[in-house]
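K.L.:
Residue numbers (my numbering), protein chains in the order written: chain A, 2 to 312; chain B, 2 to 312; chain C, 2 to 312.
Simulated from the structure, these hints should not be mistaken for laboratory data. Don't take every hint at face value.
Copies of the same chain look alike in the list, so a pair counts if it works inside one copy or between any two.
Simulated pairs of lysine to aspartate or glutamate, DMTMM-like, Cα-Cα distance not exceeding 25 Å [what the hints assert, rightly or not]:
#1 Lys86 <-> Asp23
#2 Lys159 <-> Asp23
#3 Lys159 <-> Glu222
#4 Lys42 <-> Glu170
#5 Lys239 <-> Asp46
#6 Lys239 <-> Asp205
#7 Lys42 <-> Glu222
#8 Lys159 <-> Asp217
Quick caveat, the model's predicted, so the values are computed rather than measured.
Letter by letter, the chains look like this.
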Amino acid sequence: QSSLTVYGVADAGLLLERGGADGPVQKIGSGMASSSRLGFKGKEDLGGGTVLTFILENGYSIDTGAAKQNGALFGRQALLCLSGKAGALSIGQQYTPFYKTLNNVADPFSTGMAGNAQNVFDDTTRISNTVEYITPRMGGFVADVQYGLGEAAGDSAKNRYLSASGSYEQGALTLELAHQRKENALASAHSRNTMLVARYRFGDVTGHAAHARNRDALGRESHDTLLGFTAQLSGGNKLFASLIDHRDQAAAQRHARQAALGVSHGLSRRTDLYAAYGHIRNSNGAQFHVGTAADSGSGTTGVNLGVRHVF
Amino acid sequence: QSSLTVYGVADAGLLLERGGADGPVQKIGSGMASSSRLGFKGKEDLGGGTVLTFILENGYSIDTGAAKQNGALFGRQALLCLSGKAGALSIGQQYTPFYKTLNNVADPFSTGMAGNAQNVFDDTTRISNTVEYITPRMGGFVADVQYGLGEAAGDSAKNRYLSASGSYEQGALTLELAHQRKENALASAHSRNTMLVARYRFGDVTGHAAHARNRDALGRESHDTLLGFTAQLSGGNKLFASLIDHRDQAAAQRHARQAALGVSHGLSRRTDLYAAYGHIRNSNGAQFHVGTAADSGSGTTGVNLGVRHVF
Amino acid sequence: QSSLTVYGVADAGLLLERGGADGPVQKIGSGMASSSRLGFKGKEDLGGGTVLTFILENGYSIDTGAAKQNGALFGRQALLCLSGKAGALSIGQQYTPFYKTLNNVADPFSTGMAGNAQNVFDDTTRISNTVEYITPRMGGFVADVQYGLGEAAGDSAKNRYLSASGSYEQGALTLELAHQRKENALASAHSRNTMLVARYRFGDVTGHAAHARNRDALGRESHDTLLGFTAQLSGGNKLFASLIDHRDQAAAQRHARQAALGVSHGLSRRTDLYAAYGHIRNSNGAQFHVGTAADSGSGTTGVNLGVRHVF
Numbered sequence: 002q003s004s005l006t007v008y009g010v011a012d013a014g015l016l017l018e019r020g021g022a023d024g025p026v027q028k029i030g031s032g033m034a035s036s037s038r039l040g041f042k043g044k045e046d047l048g049g050g051t052v053l054t055f056i057l058e059n060g061y062s063i064d065t066g067a068a069k070q071n072g073a074l075f076g077r078q079a080l081l082c083l084s085g086k087a088g089a090l091s092i093g094q095q096y097t098p099f100y101k102t103l104n105n106v107a108d109p110f111s112t113g114m115a116g117n118a119q120n121v122f123d124d125t126t127r128i129s130n131t132v133e134y135i136t137p138r139m140g141g142f143v144a145d146v147q148y149g150l151g152e153a154a155g156d157s158a159k160n161r162y163l164s165a166s167g168s169y170e171q172g173a174l175t176l177e178l179a180h181q182r183k184e185n186a187l188a189s190a191h192s193r194n195t196m197l198v199a200r201y202r203f204g205d206v207t208g209h210a211a212h213a214r215n216r217d218a219l220g221r222e223s224h225d226t227l228l229g230f231t232a233q234l235s236g237g238n239k240l241f242a243s244l245i246d247h248r249d250q251a252a253a254q255r256h257a258r259q260a261a262l263g264v265s266h267g268l269s270r271r272t273d274l275y276a277a278y279g280h281i282r283n284s285n286g287a288q289f290h291v292g293t294a295a296d297s298g299s300g301t302t303g304v305n306l307g308v309r310h311v312f
Numbered sequence: 002q003s004s005l006t007v008y009g010v011a012d013a014g015l016l017l018e019r020g021g022a023d024g025p026v027q028k029i030g031s032g033m034a035s036s037s038r039l040g041f042k043g044k045e046d047l048g049g050g051t052v053l054t055f056i057l058e059n060g061y062s063i064d065t066g067a068a069k070q071n072g073a074l075f076g077r078q079a080l081l082c083l084s085g086k087a088g089a090l091s092i093g094q095q096y097t098p099f100y101k102t103l104n105n106v107a108d109p110f111s112t113g114m115a116g117n118a119q120n121v122f123d124d125t126t127r128i129s130n131t132v133e134y135i136t137p138r139m140g141g142f143v144a145d146v147q148y149g150l151g152e153a154a155g156d157s158a159k160n161r162y163l164s165a166s167g168s169y170e171q172g173a174l175t176l177e178l179a180h181q182r183k184e185n186a187l188a189s190a191h192s193r194n195t196m197l198v199a200r201y202r203f204g205d206v207t208g209h210a211a212h213a214r215n216r217d218a219l220g221r222e223s224h225d226t227l228l229g230f231t232a233q234l235s236g237g238n239k240l241f242a243s244l245i246d247h248r249d250q251a252a253a254q255r256h257a258r259q260a261a262l263g264v265s266h267g268l269s270r271r272t273d274l275y276a277a278y279g280h281i282r283n284s285n286g287a288q289f290h291v292g293t294a295a296d297s298g299s300g301t302t303g304v305n306l307g308v309r310h311v312f
Numbered sequence: 002q003s004s005l006t007v008y009g010v011a012d013a014g015l016l017l018e019r020g021g022a023d024g025p026v027q028k029i030g031s032g033m034a035s036s037s038r039l040g041f042k043g044k045e046d047l048g049g050g051t052v053l054t055f056i057l058e059n060g061y062s063i064d065t066g067a068a069k070q071n072g073a074l075f076g077r078q079a080l081l082c083l084s085g086k087a088g089a090l091s092i093g094q095q096y097t098p099f100y101k102t103l104n105n106v107a108d109p110f111s112t113g114m115a116g117n118a119q120n121v122f123d124d125t126t127r128i129s130n131t132v133e134y135i136t137p138r139m140g141g142f143v144a145d146v147q148y149g150l151g152e153a154a155g156d157s158a159k160n161r162y163l164s165a166s167g168s169y170e171q172g173a174l175t176l177e178l179a180h181q182r183k184e185n186a187l188a189s190a191h192s193r194n195t196m197l198v199a200r201y202r203f204g205d206v207t208g209h210a211a212h213a214r215n216r217d218a219l220g221r222e223s224h225d226t227l228l229g230f231t232a233q234l235s236g237g238n239k240l241f242a243s244l245i246d247h248r249d250q251a252a253a254q255r256h257a258r259q260a261a262l263g264v265s266h267g268l269s270r271r272t273d274l275y276a277a278y279g280h281i282r283n284s285n286g287a288q289f290h291v292g293t294a295a296d297s298g299s300g301t302t303g304v305n306l307g308v309r310h311v312f
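Can you make the complete structure from the sequences, with help from the hints?
P.N.:
Take a look at the structure:
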């Protein structure tokens, strides 16, 4: 049995940015809540519990029609996956375990809108040339390991990428630990990030807490801490908010603090209207910007007003 | 209820160009009658008469397989639209009202083949970063307003685009007035075009007349006048012809005149064969070329012979 | 009647290359057995035995998600074809008859994996701006003629391409003769290749033999000879092997010899696992590399281990 599905997101609206170096700007926002995308995915049941899946997922800007991810056709995801009782093994252009922890568990904004945790947290969303293995769920535990080949001739350590996460779910609680490590082009140094996340569902309200420790390839360290919540309101409305504190451990103390609030109103199971506000206070010359799911942003204040349709 | 449709045009044939600076040339023509395209569109009924639509439309060259519109993936159209009793509001990469008037009403060639009115008329086919509103039809009247954000930080007037059209339809008659105005990158000057179009259906023959007044960002003015007809013949055959006169209002008097004749033969409801001939007489160093729907052309005479399939 | 099909190949695995100038390299291989692709094809029955077909086929790298063929969207194939009793006439970006002979008949590896005959044989896989005519099968004979327009203004000979093949099939035997000729950008010289291929099916084993004579635009000549077989084993397994001998006719005698062995194991009708090994011995400074279906390679030894899914 084989199947092919065409799916995607069309997300468009108005984006206001304030506090940028060149002054305020109004834009048509594409993919502010969820990056606009068009994907093709297929599935084949190979028998004995083994399933083959492929995903080819393009990211585009609805305001210009251009492909995102530096013009890559399937720059969001391109992978082949064999899954079964022993877990899932996949190959291709894939999300990193570190990003999945940030997006799926830590961030009330799911790395979207003006509250995107990636505005402050240092992560790698996706990596080319990867092999990934996800264990089956065992007593609430799941582990996810990814290896990104550097593909440098003569030295496989150059540009090598490694990420792993461990997740524990029990009732309303999710705990997740994630790590990533990226070798530079000469394999002379690496950056690394480690993050611990807790999420707890109190009825219609979900609380989020995350703490990350970062060390870049030059050895500079910083910490990020997030506190936030998601609240499911009546009438298909949803409220989400987060506070993120960035502590620079270097002498320059380039700290930053982001506060963000978002609301969405479901028009149907597939379509919602949303609005969000985010603000970053940069200290001592820190350079963080309020972005969206699809745009890294140019200002320190961002306002989003949009429609998201999932198809 | 939600739906996704894959649609498009595959249009290919032979293109001869004569009178160009580098000599005559024979080409494989792609999209001579209608630009070759592949699109994805979806629709969701949100209830209460409101419908959400999205369109993602790629333009490609069938002779090379490459994307058109400078390589943009969905460079033809990328938009999200909410429509209902109060009209239609859309956001994205869209056709301009000015272009739609030229294409849908003024030009017997529908801006295709060697007779493409765009060979002479000055228009902007599509614009990025736009919001557009189309009124419901009221007693034969429809208005269409589009605003293209310049997205320049600090000055929203830079690169701003504005276009609007008003249309009146009564029985066999269509009257349309369209205007566009494009600010330059410094917001120090703008170009503008205004066009009045009349179309009248006399049984199987439709007459077209259009007059446009143009003023570019340097203040140079010109007028364009089109007269043409479309005739539906027996056996699925169609004949169309137009004369276009371009009057340069500047001292240099770079006038031009285009004459074009086309014929199409329907093989089915979705497929036709076509042939067209167009010639431009440039005066006093005018530089107009005979192009096609997808190609701006290099010569002053163009001959098209092709097959168009709409899927 | 009209129809649209979305189809493709997702092929991913591990690729080891040894013997390259910069040292050994491990890569995620995309499309090693069959180049990864996503296509859209449609068909319309025009009546009277005439069928219109279009194909729009993209090639992508599953390891990065980027488009292949220098980023062309439908760089593998983009064509419109009218076929009927009198044969098939097609226009667009198409495979060459010369390549089809090499791929479909000569090469046990079907120009895939480490044994790809293109590692050594000099061919042109596809050409833009082409018209092609294929005769109906007449008593076992088929002819295929293709003309690629150079599209140079003033001189239609510049960059012109011509390829033709004649095929004869009788029972277990296939004989094919193919030729291609490519004019350079000034039409001052051309390269040409001629190839004779025989294939014979002995039950579950098929034998392949091919001999090609090449002359490049500088007049340098060489010969290529291939001997190989494909064996259908039990349990959905397949074995294929080939030896290719390249004889440089110039004084430098840059000869080369490739030996390759491959095996595939069908997991289903659409999915298989494969492994292949290929090695090239270059003499007197020859520079041939072991590639795959999608990658021209950097080493003289190649090892492939992958999964191919056809959808």
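K.L.:
With 25 Å as the alpha-carbon cut-off, assign the pair Lys159 and Asp23 to within, between, both or neither.
P.N.:
Between copies only: 13 Å across, 37 Å inside.
K.L.:
Give the relationship of Lys42 and Glu222 under a CA distance limit of 25 Å: within one copy only, between copies only, both, or neither.
P.N.:
neither (40 Å within a copy, 47 Å between copies)
K.L.:
Since the copies are identical, ignore which copy is meant and state whether Lys239 and Asp46 lie within 25 Å (CA to CA) inside a copy, between copies, both or neither.
P.N.:
between (37 Å within a copy, 22 Å between copies)
K.L.:
Is the C-alpha distance from Lys86 to Asp23 at most 25 Å within one copy, between copies, in both cases, or in neither?
P.N.:
Cα proximity of Lys86 and Asp23: none, with 55 Å in one copy and 41 Å across.
K.L.:
When no copy is specified for Lys42 and Glu170, does a C-alpha distance of 25 Å or less occur within a copy, between copies, both, or neither?
P.N.:
Neither: 28 Å inside a chain and 39 Å across chains, both beyond 25 Å.
K.L.:
Is the C-alpha distance from Lys159 to Asp217 at most 25 Å within one copy, between copies, in both cases, or in neither?
P.N.:
within (16 Å within a copy, 39 Å between copies)
K.L.:
Between the shortest in-copy and the shortest cross-copy C-alpha distance, which are at most 25 Å for Lys159 and Glu222: within, between, both, or neither?
P.N.:
within (22 Å within a copy, 41 Å between copies)
K.L.:
Quick one: Lys239 to Asp205, C-alpha cut-off 25 Å, is that within a copy, between copies, both, or neither?
P.N.:
Within one copy, since 10 Å is at most 25 Å while 57 Å is not.
The earlier numbered hints that this structure contradicts are 1, 4, 7.
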